[in-house]
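First residue of the sequence shown: 1, per full-length UniProt numbering; consecutive thereafter.
Just so you know, the hints here were simulated from the structure itself, not pulled from any lab data. Mixed in with the good hints there might be a few duds.
[Said to hold, decoys possible] Cross-link-like lysine to any residue pairs, in silico, SDA-like; alpha carbons within 25 Å at most:
#, residue 1, residue 2
1, 31, 15
2, 48, 7
3, 39, 17
4, 39, 7
5, 48, 60
6, 65, 27
[Claimed, not checked] Here are the computed distance ranges between Cβ atoms for each label pair:
#, residue 1, residue 2, range
7, 31, 6, 26 to 32 Å
8, 7, 47, 16 to 22 Å
9, 64, 3, 17 to 23 Å
Backbone N, C-alpha and C define an ideal beta-carbon position, used for all residues, glycine too.
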Amino acid sequence: MNLENINNIEDLPLFLTVNDVSQIIGICLGKAYELFHSKNFPSIRLGKKFVITKSSFIEWMNNPKI
Numbered sequence: 001m002n003l004e005n006i007n008n009i010e011d012l013p014l015f016l017t018v019n020d021v022s023q024i025i026g027i028c029l030g031k032a033y034e035l036f037h038s039k040n041f042p043s044i045r046l047g048k049k050f051v052i053t054k055s056s057f058i059e060w061m062n063n064p065k066i
């Protein structure tokens with residue numbers, strides 16, 4: 001998703017991909033994949049794709065456990 005047009009947290013999509021999260025928090029894609037595979041990050045696997053819900057991501061951003 002192109003996050004350049006996102007002005008506030010409410011504009012984020014319901015599900016965020018690894019690429020979305022890497023852009024939002026400013027980390028490389030490899031580190032984002034490590035984050036999505038960590039047990040303290042509330043990601044969901046949908047087939048071969050990892051996602052995180054917007055609400056879980058916001059909660060994690062407010063209290064990261066890594």
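Structure-based check of each hint:
{"no.": "1", "hint": "31 with 15", "result": "holds (19 Å)"}
{"no.": "2", "hint": "48 with 7", "result": "violated (30 Å)"}
{"no.": "3", "hint": "39 with 17", "result": "holds (17 Å)"}
{"no.": "4", "hint": "39 with 7", "result": "violated (30 Å)"}
{"no.": "5", "hint": "48 with 60", "result": "holds (23 Å)"}
{"no.": "6", "hint": "65 with 27", "result": "holds (17 Å)"}
{"no.": "7", "hint": "31 with 6: 26 to 32 Å", "result": "violated (21 Å)"}
{"no.": "8", "hint": "7 with 47: 16 to 22 Å", "result": "violated (31 Å)"}
{"no.": "9", "hint": "64 with 3: 17 to 23 Å", "result": "holds (19 Å)"}
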